[in-house]
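From first to last, the protein sequence lines are chains A and B. At position 64 of the first sequence (counting the first as 1) the number is 80 in this note's numbering, and the numbers step up by one without a gap. At position 40 of the second sequence (counting the first as 1) the number is 79 in this note's numbering, and the numbers step up by one without a gap.
It cannot be assumed that every hint is accurate.
[What the hints assert, rightly or not] The calculated PhoX-like cross-link candidates involving lysine-lysine, where the alpha carbons are at most 25 Å apart (straight line), are: (1) B:98 <-> A:206; (2) B:195 <-> A:131; (3) A:224 <-> B:158; (4) A:162 <-> A:131; (5) A:187 <-> A:206; (6) A:224 <-> A:206; (7) A:108 <-> B:73; (8) A:224 <-> A:297; (9) A:231 <-> B:98; (10) B:194 <-> A:19.
These are computed hints drawn from the structure, not numbers from a lab. The structure displayed is predicted, hence computed values, not measured ones.
Letter by letter, the chains look like this.
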Amino acid sequence: MVKYALYTGCTIPYRLNAYEASTRKVMEHLGVELVDLDQVNCCGLYVEPANKLAYLALSGRILALAEEQNLDILALCGGCTSALAKANAYLKEHEDERNAVNEVLADFDMGFEGKIRVVNSVNSFVEDIGLKELKKQITKPFNGLKLAAHYGCHLLKPSEVLQFEDPEAPKSVDDLCSITGAMMVDYRDKYDCCGAPVIATEQSLAVKIINNKLKNISHAGANAIVTVCPYCELMFDLMQLEADEVYGNGKKYGLPAILHTQLLGLSMGMDTEEVGLSLNKVNAEKIVEFLSE
Amino acid sequence: MSKGEIIVPIKEPIRSKDLDPEFKYKIANTYLGKDLKACFKCGACSGGCPVGIVTEVYKPREVIGKTILGMKEDVLTGDQIWLCATCYTCEDRCPQHVNITDVILALRNIAFRQGNAPKALVEQAKNMIETGWIQPPTASMDKRREELGLSRLPKKAVEDLQKIVKATGFYDLLYQKEETEEEK
Numbered sequence: 017m018v019k020y021a022l023y024t025g026c027t028i029p030y031r032l033n034a035y036e037a038s039t040r041k042v043m044e045h046l047g048v049e050l051v052d053l054d055q056v057n058c059c060g061l062y063v064e065p066a067n068k069l070a071y072l073a074l075s076g077r078i079l080a081l082a083e084e085q086n087l088d089i090l091a092l093c094g095g096c097t098s099a100l101a102k103a104n105a106y107l108k109e110h111e112d113e114r115n116a117v118n119e120v121l122a123d124f125d126m127g128f129e130g131k132i133r134v135v136n137s138v139n140s141f142v143e144d145i146g147l148k149e150l151k152k153q154i155t156k157p158f159n160g161l162k163l164a165a166h167y168g169c170h171l172l173k174p175s176e177v178l179q180f181e182d183p184e185a186p187k188s189v190d191d192l193c194s195i196t197g198a199m200m201v202d203y204r205d206k207y208d209c210c211g212a213p214v215i216a217t218e219q220s221l222a223v224k225i226i227n228n229k230l231k232n233i234s235h236a237g238a239n240a241i242v243t244v245c246p247y248c249e250l251m252f253d254l255m256q257l258e259a260d261e262v263y264g265n266g267k268k269y270g271l272p273a274i275l276h277t278q279l280l281g282l283s284m285g286m287d288t289e290e291v292g293l294s295l296n297k298v299n300a301e302k303i304v305e306f307l308s309e
Numbered sequence: 040m041s042k043g044e045i046i047v048p049i050k051e052p053i054r055s056k057d058l059d060p061e062f063k064y065k066i067a068n069t070y071l072g073k074d075l076k077a078c079f080k081c082g083a084c085s086g087g088c089p090v091g092i093v094t095e096v097y098k099p100r101e102v103i104g105k106t107i108l109g110m111k112e113d114v115l116t117g118d119q120i121w122l123c124a125t126c127y128t129c130e131d132r133c134p135q136h137v138n139i140t141d142v143i144l145a146l147r148n149i150a151f152r153q154g155n156a157p158k159a160l161v162e163q164a165k166n167m168i169e170t171g172w173i174q175p176p177t178a179s180m181d182k183r184r185e186e187l188g189l190s191r192l193p194k195k196a197v198e199d200l201q202k203i204v205k206a207t208g209f210y211d212l213l214y215q216k217e218e219t220e221e222e223k
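With these hints in hand, go ahead and build the complete structure from the sequences.
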């Protein structure tokens, strides 16, 4: 049986509860056991630009917590996945930093050994659970839903560290979502960043980036967007309203942006409440109309 | 930095007296910048940059070029390095295997020490240290979680986290900096 230490991070528990709820329900449905890590801390992603060692020690503590239980970490957020996976690889390779981090962790009787993996929910579905197994659980497939996938940078890059799939031509999210019956639609600049990390520095640029993406997706004729990372989801959903305001000239994109776990949950027969669909800012309820009876 | 206030760099010719020839070695010897000097300025990084597409102000090749030239002041005090989305596209595509995103993170580490970080980033770092969360949680969050059948917000190990930031020198960096600024 597949079993993970679940790391939900910061953004998901307080801003994107639908991601946590839909993941827990889908994993339970699939018989995957999730062990909540007690007393975690921030992954340190926000500290990386300020102080490298503090970042490595923060991520190192989470990795050590999961190592104590001998469990791989399931991280949902792109930022957390990338921060933890990068720290995992970096600490394994660099003795000086590993010793420095272990010196800090020794204070809590903890230590980093580098014996577990860090996986994202998409890695888990595609590599650990397997799409064949997953497909058996799709009891209410979508019919005629045209879906645009957004991968999220930190799921794929730096590819040398994450070693998941080719970042220039990834297929995982498309393959995963197509088992729900959705028709996956390609669009221009599909693999480009959503712009979220630029918000803190210059929001107008982030809105410009997401507007370009929405324009391309709209042009490709998609009914909805599917995302993996909470930051991408917030860009496509919440910031879509900002893009409407700034670039819409009175028109709205009206493109629902849902998480891959919400999509899976619905096609497994869960109702909209269970996957938190009403929490989406752009009305996503119309996706349900594409579900077969 | 707020709307319309981005400082557009390079207006004047570059003079050798303004350059620090040691700067590139300093960066190349720290963090993951080891292949910095291998850059042959092909521009694959700028060509694929999602931020470069929407603004003239940020191009990764320019930042790498300035770093190699030794334009220390420009790089560390300007807004450019803070506009990188850290999407790692440039780093993944670089034919010379320059860890471009990591070089930018190394530059940010130095700029942060000098007090040149965007306010929002400093705010998030302080929130994290004081509450364990990058944004302080509110009561409505627990209510929404309950409606979805989730447990209350998990408790974060704030005490351990504070020990970590103190042991790694980040705490002093963040708070003493502020005191110095207040003293001014």
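Evaluated hints:
Of the supplied pair hints, the one linking residue 98 (chain B) and residue 206 (chain A) holds, its CA atoms being roughly 21 Å apart against a limit of 25 Å. In summary, the hint linking residue 195 (chain B) to residue 131 (chain A) is supported, as the alpha carbons are separated by about 24 Å, within the 25 Å threshold. Using a Cα cut-off of 25 Å, the hinted pair residue 224 (chain A) and residue 158 (chain B) holds, with the two alpha carbons roughly 22 Å apart. Using a Cα cut-off of 25 Å, the hinted pair residue 162 (chain A) and residue 131 (chain A) is violated, with the two alpha carbons roughly 41 Å apart.
A C-alpha spacing of about 12 Å is found between residue 187 (chain A) and residue 206 (chain A), which places the hinted pair at or below 25 Å, so the restraint holds. For a cut-off of 25 Å, the pair hint linking residue 224 (chain A) to residue 206 (chain A) stands: about 15 Å separates their Cα positions. A distance of roughly 18 Å separates the Cα atoms of residue 108 (chain A) and residue 73 (chain B); the hinted pair therefore holds under the 25 Å criterion. For a cut-off of 25 Å, the pair hint linking residue 224 (chain A) to residue 297 (chain A) stands: about 19 Å separates their Cα positions.
Using a Cα cut-off of 25 Å, the hinted pair residue 231 (chain A) and residue 98 (chain B) holds, with the two alpha carbons roughly 23 Å apart. Of the supplied pair hints, the one linking residue 194 (chain B) and residue 19 (chain A) holds, its CA atoms being roughly 22 Å apart against a limit of 25 Å.
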